[in-house]
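Asks: Next come the chains, spelled out residue by residue.
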Amino acid sequence: MKNKAKLLAYPYVVWIAIFIIVPLVLVLVYSFTEGNIHNPSSLTFSLKSYDKFFNILYLNILWKSFKLAFISTFLCLILGYPVALIISKAKAKYKGILLLFFLVPIWMNFLLRTYAWMAILSPNGFINRLLQLIGLPTLAIMPGQTAVVIGMVYNFLPFMVLPIYTVLSKIDKNVLEAAMDLGANKIITFIKVIFPLTVPGIISGITMVFMPAVSTFVISQLLGGGKELLIGNLIEQQFTVQRDWHFGSALSIILMIMILISMAFMSKADKDDEGGAALW
Amino acid sequence: MSKKLIELQNITKSYNGVVAVDNINLSIRENEFITFLGPSGCGKTTTLRMIGGFEEPDEGDIFFDGIRINDLPPYKRNINTVFQRYALFTHMNVYENIAFGLRIKKVPSKEMDKRIKRMLKLVDLEGFEKRHVDSLSGGQQQRVAIARALVNEPKVLLLDEPLAALDLKLRKEMQIELIDMQKNIGITFIYVTHDQEEALTMSDTVVVMNKGVIQQIGTPVDIYNEPKNRFVADFIGESNIIEGIMHEDYLVEFSGKKFKCVDKDFAKNEKVDIVIRPEDIDITTPENGLLEGIVTSVVFKGVHYEMLVESQDYEYMIQSTDMQPVGSEVGLTFNPEDIHVMKG
Numbered sequence: 001m002k003n004k005a006k007l008l009a010y011p012y013v014v015w016i017a018i019f020i021i022v023p024l025v026l027v028l029v030y031s032f033t034e035g036n037i038h039n040p041s042s043l044t045f046s047l048k049s050y051d052k053f054f055n056i057l058y059l060n061i062l063w064k065s066f067k068l069a070f071i072s073t074f075l076c077l078i079l080g081y082p083v084a085l086i087i088s089k090a091k092a093k094y095k096g097i098l099l100l101f102f103l104v105p106i107w108m109n110f111l112l113r114t115y116a117w118m119a120i121l122s123p124n125g126f127i128n129r130l131l132q133l134i135g136l137p138t139l140a141i142m143p144g145q146t147a148v149v150i151g152m153v154y155n156f157l158p159f160m161v162l163p164i165y166t167v168l169s170k171i172d173k174n175v176l177e178a179a180m181d182l183g184a185n186k187i188i189t190f191i192k193v194i195f196p197l198t199v200p201g202i203i204s205g206i207t208m209v210f211m212p213a214v215s216t217f218v219i220s221q222l223l224g225g226g227k228e229l230l231i232g233n234l235i236e237q238q239f240t241v242q243r244d245w246h247f248g249s250a251l252s253i254i255l256m257i258m259i260l261i262s263m264a265f266m267s268k269a270d271k272d273d274e275g276g277a278a279l280w
Numbered sequence: 001m002s003k004k005l006i007e008l009q010n011i012t013k014s015y016n017g018v019v020a021v022d023n024i025n026l027s028i029r030e031n032e033f034i035t036f037l038g039p040s041g042c043g044k045t046t047t048l049r050m051i052g053g054f055e056e057p058d059e060g061d062i063f064f065d066g067i068r069i070n071d072l073p074p075y076k077r078n079i080n081t082v083f084q085r086y087a088l089f090t091h092m093n094v095y096e097n098i099a100f101g102l103r104i105k106k107v108p109s110k111e112m113d114k115r116i117k118r119m120l121k122l123v124d125l126e127g128f129e130k131r132h133v134d135s136l137s138g139g140q141q142q143r144v145a146i147a148r149a150l151v152n153e154p155k156v157l158l159l160d161e162p163l164a165a166l167d168l169k170l171r172k173e174m175q176i177e178l179i180d181m182q183k184n185i186g187i188t189f190i191y192v193t194h195d196q197e198e199a200l201t202m203s204d205t206v207v208v209m210n211k212g213v214i215q216q217i218g219t220p221v222d223i224y225n226e227p228k229n230r231f232v233a234d235f236i237g238e239s240n241i242i243e244g245i246m247h248e249d250y251l252v253e254f255s256g257k258k259f260k261c262v263d264k265d266f267a268k269n270e271k272v273d274i275v276i277r278p279e280d281i282d283i284t285t286p287e288n289g290l291l292e293g294i295v296t297s298v299v300f301k302g303v304h305y306e307m308l309v310e311s312q313d314y315e316y317m318i319q320s321t322d323m324q325p326v327g328s329e330v331g332l333t334f335n336p337e338d339i340h341v342m343k344g
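Sequence lines, in order, name chains U and V. Quick note: the first sequence, position 264, residue 264 per the working numbering, numbers continuous. Quick note: the second sequence, position 271, residue 271 per the working numbering, numbers continuous.
You may find that some hints are simply not true.
[To be verified] Label-pair ranges, simulated between beta-carbon atoms:
no., chain 1, residue 1, chain 2, residue 2, range
1, V, P73, U, F110, 45 to 53 Å
2, U, I259, V, S137, 36 to 44 Å
3, U, I171, V, S137, 18 to 26 Å
4, U, A264, V, G302, 55 to 63 Å
5, U, I134, V, Y15, 32 to 40 Å
6, V, S137, U, M258, 38 to 46 Å
Hints are computed from structural coordinates only; laboratory data are not their basis. Glycine included, C-beta positions come from ideal geometry on N, C-alpha and C.
Construct the entire structure; sequences and hints are all you get.
Replies: Right, dumping it as structure tokens:
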């Protein structure tokens with residue numbers, strides 16, 4: 001029985017090998033070589049691509065990517081936590097509907113959602129026309145970093161709300177009553193009991209928002225108007241425009257290492273694994 | 001008789017139109033060990049939660065030390081609770097769990113330390129200060145929960161089925177420990193359980209509840225020996241409940257025969273229920289018995305045998321160390337004081 005069950009795992013192992021391990025090895029090989037990628041015999045070992053990266057121009061792009069991802073993650077947290085709290089406190093019959101409101105946007109195409117924000121934020125967009133209509137000066141949000149951050153927060157907010165909501169709804173009501181019983185009012189109960197118990201959810205949420213935010217290229221391209229180049233855009237350009245697969249691979253490896261370091265940092269704080277990090 | 005500490009007057013509480021507690025009146029004295037006993041859904045936990053402040057009564061008043069406390073939140077009551085599933089703070093160690101209430105009250109750290117040490121000694125958990133609560137057994141967790149409540153020196157400790165999650169042996173040990181603790185610290189314990197044996201073992205006073213109504217209040221001995229109605233008789237231990245007629249004082253008829261009994265003050269020829277405990281019936285030969293029957297089932301229970309004897313109109317349950325095989329004809333005897341007559 002056990003051996004037969006093992007057989008079922010083989011398709012998955014093959015899947016991992018073909019679609020994850022092989023591409024990863026290829027990226028690793030490209031990043032440490034130079035030559036014609038279509039002619040494997042011409043490839044020679046080289047650190048040129050990594051050397052190229054240590055340039056103020058590229059370091060700035062990496063810095064900006066992390067900075068915007070940090071800001072977006074932080075905004076998602078301070079917006080998402082109260083939302084999760086409100087949903088978890090809602091009566092059972094409203095819970096489903098409230099949760100749905102926050103999940104429906106994910107069912108829509110990611111690109112479409114971002115285009116919608118272009119229509120709202122662009123110089124002739126919805127907001128500015130509304131401002132014009134009531135005689136106020138227009139805003140120059142888009143293209144710019146503010147627009148990129150708004151796009152990131154909007155797209156990734158559900159991934160902050162969900163894990164925090166899950167942890168909140170798992171807290172035993174008796175535990176909160178015990179806190180009240182021992183003399184804690186609602187504020188002290190939140191500070192001393194609810195918040196510490198939701199730390200694993202917060203860490204999952206941060207992981208699930210930060211990862212896609214730091215590597216996005218669609219949001220920065222559309223809402224940044226091509227001016228706000230992030231590490232994701234830089235990598236995409238190497239493969240589609242510059243045709244420098246070696247440099248693109250090196251950038252991917254560097255980004256991956258940076259993400260791995262921040263993940264290791266996170267999981268160290270996340271004692272009870274909620275599995276959020278595993279999704280990305 | 002010590003003075004009244006808690007008083008419930010005409011308390012009614014319903015959830016979504018379903019009445020959970022129906023017009024309850026009860027007073028609880030200082031230093032009393034009182035138990036609310038009943039099947040699940042009988043309103044015992046709801047009553048406890050209203051005393052704790054987690055629910056507000058729809059009607060009626062709750063007095064604590066003479067002061068009405070209906071809408072006083074739990075954190076302002078001099079009452080602490082031990083919850084059924086412990087409800088410990090899993091992000092804190094044993095020491096911090098117990099310290100929780102004291103830190104909120106800003107008790108100086110020296111005194112706090114002293115009180116926590118004393119509590120750990122009381123619940124026999126010395127040296128467990130730094131342990132994470134998840135690493136403790138069920139019995140140890142429950143003792144932390146008790147220490148966490150008692151360290152605040154409440155006047156009343158509420159216990160909501162605190163031993164339900166423990167295995168039998170541990171439960172028996174903890175019952176004894178709780179009785180000792182209550183005697184040592186001298187505060188009121190209000191205990192909720194559905195386990196009649198637990199209620200009889202531990203309490204000074206038992207309050208039997210069913211469907212939101214108090215069925216009987218009394219000492220364990222009273223409740224067991226003089227059940228007021230069919231429900232109490234049936235819920236407290238095994239019993240034979242037979243329909244009968246009370247002819248006059250001290251004379252009752254059931255199973256087609258008249259018997260002497262010790263009960264009086266019923267109307268003439270009133271329809272009544274008669275309770276005879278299985279352990280009060282003795283088996284004898286058919287000619288010596290007050291009633292006759294045939295043994296239909298024998299089950300070995302360890303200390304005694306449990307036999308069913310089919311008589312003319314009722315199947316009697318008998319607990320005895322003398323075993324008669326299935327199919328044998330036997331006689332049943334009992335004393336007048338073993339017959340308990342209740343209103344039908």
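Asks: For each hint, tell me whether it holds in the structure or not.
Replies: Hint by hint, here is what the structure shows:
At roughly 47 Å, the beta carbons of V/P73 and U/F110 sit within the given window of 45 to 53 Å. The given range of 36 to 44 Å is respected by U/I259 and V/S137, whose C-beta atoms sit roughly 41 Å from each other. Between U/I171 and V/S137 the beta carbon distance is about 23 Å. The supplied range of 18 to 26 Å therefore holds. The hint said 55 to 63 Å for the Cβ distance between U/A264 and V/G302, and at roughly 59 Å that hint holds.
The beta-carbon spacing between U/I134 and V/Y15, approximately 50 Å, falls outside the hinted interval of 32 to 40 Å. A hinted range of 38 to 46 Å holds for the C-beta pair V/S137 and U/M258, which are about 44 Å apart.
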